[in-house]
Every structure is written in structure tokens, then in C-alpha cells.
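Chemist: Whole structure, please, built from the sequences with the hints as guidance.
Chain order of the listed sequences is A and B.
For the first sequence, UniProt numbering assigns the number 1 to the initial residue and increments by one for each residue that follows.
For the second sequence, UniProt numbering assigns the number 1 to the initial residue and increments by one for each residue that follows.
One thing to keep in mind: the hints can contain errors.
Identical chains blur together in the list; that is why a pair holds if it fits in one copy or across any two.
Within a straight-line C-alpha distance of at most 30 Å, the following computed DSBU-like cross-link-like pairs (lysine-lysine) qualify [stated by the list, open to error]: (1) K4 x K48; (2) K117 x K157; (3) K4 x K280; (4) K234 x K4; (5) K254 x K311; (6) K51 x K4; (7) K88 x K103; (8) K315 x K254; (9) K51 x K231; (10) K280 x K328; (11) K328 x K51; (12) K315 x K48; (13) K208 x K330; (14) K280 x K315; (15) K230 x K48; (16) K51 x K215; (17) K157 x K51; (18) K330 x K285; (19) K280 x K367; (20) K367 x K149; (21) K21 x K51; (22) K315 x K367.
By construction, these hints were calculated from the structure, which means they are not laboratory data.
There are 2 protein chains.
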Amino acid sequence: MFIKERLFTPGPVPLPPQVIKALGQQIIHHRTPEFTQIFLEARENLQKLLKTERDVIMFASSGTGAMEASVANFFRKGDRVLIINAGKFGQRWKELASVYQLKIVDYEIEWGKTYDKERILQIISEFPDIKGIFVQHSETSTTTYHDVKYLGDIAKKLDDCLLVVDGITSVGVYQVYPEELGIDVLVTGSQKALMLPPGLSVLYFSEKAEERASKSDMPRYYFDVLKEAKKQSKGQTAYTPAINLIIALNESLKLILGEGLDNLEERHRIMAEATREAVKEIGLKLLSESPSNSATGVYSPAGIDADQLRKELLKLGFRVAGGQDHLKGKIFRIAHMGYFDFMDVVQVIAGLEMALKRIGYEIEIGKGVRKAQEVILENLG
Amino acid sequence: MFIKERLFTPGPVPLPPQVIKALGQQIIHHRTPEFTQIFLEARENLQKLLKTERDVIMFASSGTGAMEASVANFFRKGDRVLIINAGKFGQRWKELASVYQLKIVDYEIEWGKTYDKERILQIISEFPDIKGIFVQHSETSTTTYHDVKYLGDIAKKLDDCLLVVDGITSVGVYQVYPEELGIDVLVTGSQKALMLPPGLSVLYFSEKAEERASKSDMPRYYFDVLKEAKKQSKGQTAYTPAINLIIALNESLKLILGEGLDNLEERHRIMAEATREAVKEIGLKLLSESPSNSATGVYSPAGIDADQLRKELLKLGFRVAGGQDHLKGKIFRIAHMGYFDFMDVVQVIAGLEMALKRIGYEIEIGKGVRKAQEVILENLG
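Modeler: In C-alpha cells form, the structure reads like this:
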């Protein structure tokens, strides 16, 4: 019998109809006044999203491209940097830092946990020459939230240190205002809370970062931030831009800014909280001790392979993500970013209960759903 | 905060992505071999849907247009006809019969009930000259199913009587095979279980009906069945066809025939049953004593205006239909036809519970949802 497939993966995410419509149009040429106007509008909307008047640049790349740009533009070979390495994407910072020959202080953290503030203080007193702190605002692999404000304050106290934040799954979920949080470099990607297909990344950089970029000895061409910033402030790009994604970005930012950034954050908080409470009510354990509102990681019950459970969920129409690396088969992840509202949470929880039942887990059907409904009702007032 | 709108109205209904994509294309001209091929494919698919090799014709009109064609083509002024008048659409048959000056035997039935077989036998023994029986297979206003097979057998026993069936909300929900059911004229519309926008209607007619059409003295031009049948068998239409709806019809029929008509009927049965059981579990009363699987009509609880409840449901993202005429404010209707699967039922029931709670109805949240989940699980096996 016919079953719809519903994406609940933390990227790609379901797209709003307005975005689909914008994507399904004939292409326009990018070296035209028409595109320049669209591009400048997108740029301005991104500035509103990040509450800044500084340059916010776009690359035709996935988020990892903007992560590479963050390393290649704002550092010099041999600079010492601190990596908050708490998951798959923390590792990616480390790999990038290694490729560009930075000296790495690797603060490895058990997956599912966030950093310890005391430990950070120890590290900076041991290495006062740290030139950069790299962190995920939301570590997608472990669905963990890391407090960036604290790190921003630390970076400011140091002599010449930039806070570099992967906001790929936090921008559009939280209110991420780099100037208030002390973020010097912030990157995000299109296929997460911006509700677009993959292929567009975004990079913000502070005045301090700009100064550093002008002194960097790193090789970079495609991801040259200052070159792009200059071009993009005039509504053009150094290389061919992701035309239809930028057109669609204006649609998704219209929705996001139309909802209001406080409402947006609140909605994601409620969706994530309803999911967490429901999952606990079912008797399952959360992966993260510091859960992010962009996705919820959950341990599969003892004796049940998470990937088998995911297959069962797919039969009911729900595609959720699995675990990465050593978490493979142990956890599954349900996204909250994307074209979702409260009742989508209720639906996926109902599906989770039914999939668990069908796979042989002892469960009182409806218990988790009720909890999700209650959390939503309490929050709606 | 952002809330998605979900259509649960018995027409229009949510469209499958494949249909949306087909509709969003540049128009092609209908007097071309290209369109002829598409048209003949649609015609053949409709024949498969109705398990017939006879003519199945399409009009660029809403379902009511095909209802008018059913009266204007197959009868003569003064013919006596029996109207199974059990709701808003039963009344429509009566209005049409009256406009075309047929002699009406008005079998008025309380809304929410189906006909009584004994009463039918009485009527035909009193009026053995009845030339037509008009019925809704699924009366949308009261969400009531009428057995057409019984009426088909009656029609066959009479001297020269056609069974005319409004299948607007039954075709695509049930397996409706006119030749097996004894239906002489069957109409349906695009914006119901065919999962298309409004504007296309479909009409099947039997050999017996064809013979009658050739003798009819009724005025008709746009809705001339024999003229269209002749044209359409060759892949053209007498007047401009609903080009993009016909293109999209091929997409929706690909989905429908791909699922299989037995699976399609079974899925709708399960969705409707899960809804009915859940609604009863919540403590609400069904409108119909003979419920249709295309939509479920439910009485609002005492003291709660159904239209207020609908407004509350809309705040949570669910658009359901209200009652018509004397049922206005008393009932609401949840559709099962359209681009729906099992988990949509769970979702709308969850929304119903939450809307009831918010409007002040004493309700144990989650009870109905659990029931819907259980019915689905039992049926999935």
C-alpha cells in the first residue's frame, strides 16, 4: 500500500513549497542586473538573519567548503588552534586544521557531551598563544549543543584569537548573532535550517577576522573570502554562483524572517523538547547530555539494532538518520530543522512507537505521542 | 509561530508531488499528435480504473457538469426517475432532474442514513415505469455510503431503467467497476480521490445508456456525451480540453494503478476505520450510520460549535470541512481521499484531540491517537 516518504534527517531536510516553486523555474543568467538585485536581496536577508551589517558571503559549495574557507583565510601556517572535538564535525575541523598545517590542541570529548569550562581555562593558560578556537554550535553527529558565548568571551580575553563556529545546524534553529556571541567566523549551509537543497554555503567574518585574512599566508583561490566579499558587496561573485539556490534562498529567508527569529527559535525549542520528552516517556535514552534543538539523537533499546529500527520506520514513511562511526547501529537521529511544525513531531513519535512495536519492543502504544501532545499544548498556552 | 496548513477537506484534496510537477509545466497545444497520445493514454488509464473497455469521456468541468450530462443525455422530458435523496448531493440530482423536467419520485432520507431496501421495492412496485435511479455512491455531505450493487440489480429487473451513479467521492476510494455493479452512468471529478485540482470531470456510460442517448430529446451542447465519445475515442475533444489536468491525470492514475486497486481500496478502508475508531474512542459520535471511506463526518460534542472547533484545528494546521445546510455548526468532516497515508490519520486525530482540549472539552489526550495507531498496526499485520 502507498506510503509517503517523510524526511526527518538532519540534512537534507524537507523543503517549503515556496522554495520548490522557486527552484522549478527557468534559469536566469548571473551576469545581469536582474540577478544582481536578487543577489543583493539575499545578502541583505542573510545580514538580517545574523543581525549584522558586515559582509556575509556565499559560496557555491556544501558547508564543508565554507569550513575550509574558515581555515584557509584567517590563519597562518603553524598557528596554534584549539579544536573542540566532540563528534564527526569536530573531527572535520581537526582534519582541515591538519591539512593547512596548523598546530592543533585537540580537546577530545566523549560523543554526546559538551566541553568543560574548567578544562577550557586550563588549556588557554597552558597555551596562551592560541590563535583560534574551532567549535560546532550544534554538533550534528551527536545532536549536541555547545555554548559558543562562553568561548567568545574566552577568545576576546586572549591576545589574538578568533572564535570560528560551524553553525551549519544552528543558524535558523537558534538566534545566532555573531556580534553578540563573540563569533569571528561563522559558517552555515543551505540544506539544513535554511530549508534549501545542498550546494550553497554562507560565511560571516568579523573585523578582527578580516584583518587576519589580509595577513594570511595560506593558499586559497575558490574560497578566497576577501576577493568574494569585495565582489559580493556589489552583487556579483568571483565565480559562477549557485543561481537557483540563491533565488530560492530569498524565498526561504522570507519565510524565516516573516516568522520572526524569536518565534523561529521558540518553535524549534518546542519541537525538540516535545521529541525529547516523548522519547524518554517511551523509555528510550537520549544520546546527548547537552541536546541541540536541531536534531535529537536517541539510543536504540537494548537488543534492537538502530538500523533495523530505521528500516521499520521507513516502512511507515519516516526516514530518520543513523549513527556515524562507532555509533552506527546504536542510535538514530530525528531532525527538527527543515519545513516542520509541531504536528510533524507528533507524527514521527507515533511512527517511532509503531515501528518499535512491530520490531518486537515492549511498548505501550500512544504514551510518547501523548507526552509530545502535552508538551506542545503547555507551550502553546 | 509557523504552522503548515494541511488540507483534510473532502475536495479539494492535497496533491501528490508528481501531480504538482506535471501541473507546473509549460502548456502544450491540444490539436497536436503529442496531446492526442497523452489524451488516449489518460482515456485508457481511466478504462483500467473502471475496469471497462467502453467509452469513458472527460469534460472540462467540475463534477456537477458531468452530473448535468447524466440527466441531459440519457432521458426524455417527462421520464419518471427515482432520486435517492439523502444529502446535499442527492438534492443536486433532484434539482437537475427538475430543471430537465423529469417526473421525480423523491425518496428523501434523513441525512446520515442510507436507503431502506424494502422501501425501494415498494417504490418500484408503485412506479414500475421508472426510467432511472439516481444515487450517490458516497454522499459527501453526510459521509454516507450507499450500496449501488443492490440498485443495479433493481434497475436490471425493471423494463427500461438506468442506474445513474455519482461516484465523485467513491471512484479512487473504492473499486468502482460499473459493469460489475450494474451502473449505467457513472460520473466522477478530478479534485477528489483522483488527487487533481478541480476542473476535470469523467463520465462512463453503458451500452443501454448509449441507446437511450441516441433517443433523448433533451437540449445539450457542451455536455453532449455521444459527440464527445466519438471525438475522444480518436484522442481529441469537441471543445478545448483541460490540457494540464489531463497531463496530470496520467500522473495520478500512474500512482493509483501502480498501487493496485485492491490495495487502494484497502488503504482507504484502514484510514477511514482508524479515524472512526479513534473518534469514537475520544467520545464523539459519527454522523453516518453507513459511513463512507472517503470522509468521516463527526458530531461536535454538546456545547461546542463545530465551526469554532474547526477554527481551533486550523490554528494547529488542519483544515477540515464543516457541515452543510442544517448540519452547519453541528458536524465536521475529515477526508481520507487525496494524497494521504496512514500516518496522516494519526496526525489529524492528534490535532483533533489538542483542538478539543484547547476549546475546553474534557479529554484524555492521546486516547484517540492510540486507538488510530492500534487499528493501523492490526491491519498492517
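Chemist: Under a CA distance limit of 30 Å, which applies to K280 and K328: within one copy, between copies, both, or neither?
Modeler: within (21 Å within a copy, 42 Å between copies)
Chemist: Which holds for K328 with K51 at a C-alpha limit of 30 Å: within a copy, between copies, both or neither?
Modeler: The answer is neither: 38 Å in one copy and 49 Å across copies each exceed 30 Å.
Chemist: Should K367 paired with K149 be assigned to within, between, both, or neither, using CA atoms and 30 Å as the limit?
Modeler: Answer is neither: 37 Å inside a copy and 43 Å across each miss the 30 Å cutoff.
Chemist: How would you label the pair K280, K367 (within, between, both, or neither) given a Cα cut-off of 30 Å?
Modeler: both (10 Å within a copy, 19 Å between copies)
Chemist: At most 30 Å between C-alpha atoms: does K51 with K231 qualify within a copy, between copies, both, or neither?
Modeler: Result: close within a single copy only, 21 Å intra versus 63 Å inter.
Chemist: Regarding K330 and K285, is the shortest C-alpha distance of 30 Å or less found within a copy, between copies, in both, or in neither?
Modeler: within (11 Å within a copy, 45 Å between copies)
Chemist: What label fits K51 with K4 when the C-alpha limit is 30 Å: within, between, both, or neither?
Modeler: between (38 Å within a copy, 26 Å between copies)
Chemist: Given a CA cutoff of 30 Å, do K4 and K280 count as a within-copy pair, a between-copy pair, both, or neither?
Modeler: both (27 Å within a copy, 27 Å between copies)
Chemist: Given a CA cutoff of 30 Å, do K254 and K311 count as a within-copy pair, a between-copy pair, both, or neither?
Modeler: This pair counts as between: shortest inter-copy Cα distance 26 Å, intra-copy 36 Å.
Chemist: At most 30 Å between C-alpha atoms: does K157 with K51 qualify within a copy, between copies, both, or neither?
Modeler: within (23 Å within a copy, 78 Å between copies)
Chemist: Which holds for K230 with K48 at a C-alpha limit of 30 Å: within a copy, between copies, both or neither?
Modeler: within (19 Å within a copy, 62 Å between copies)
Chemist: Quick one: K208 to K330, C-alpha cut-off 30 Å, is that within a copy, between copies, both, or neither?
Modeler: So K208 and K330 fail the 30 Å test inside a copy (42 Å) and across (66 Å) alike.
Checked against the numbered hints above, the structure violates hints 4, 11, 13 and 20; every other hint is satisfied.
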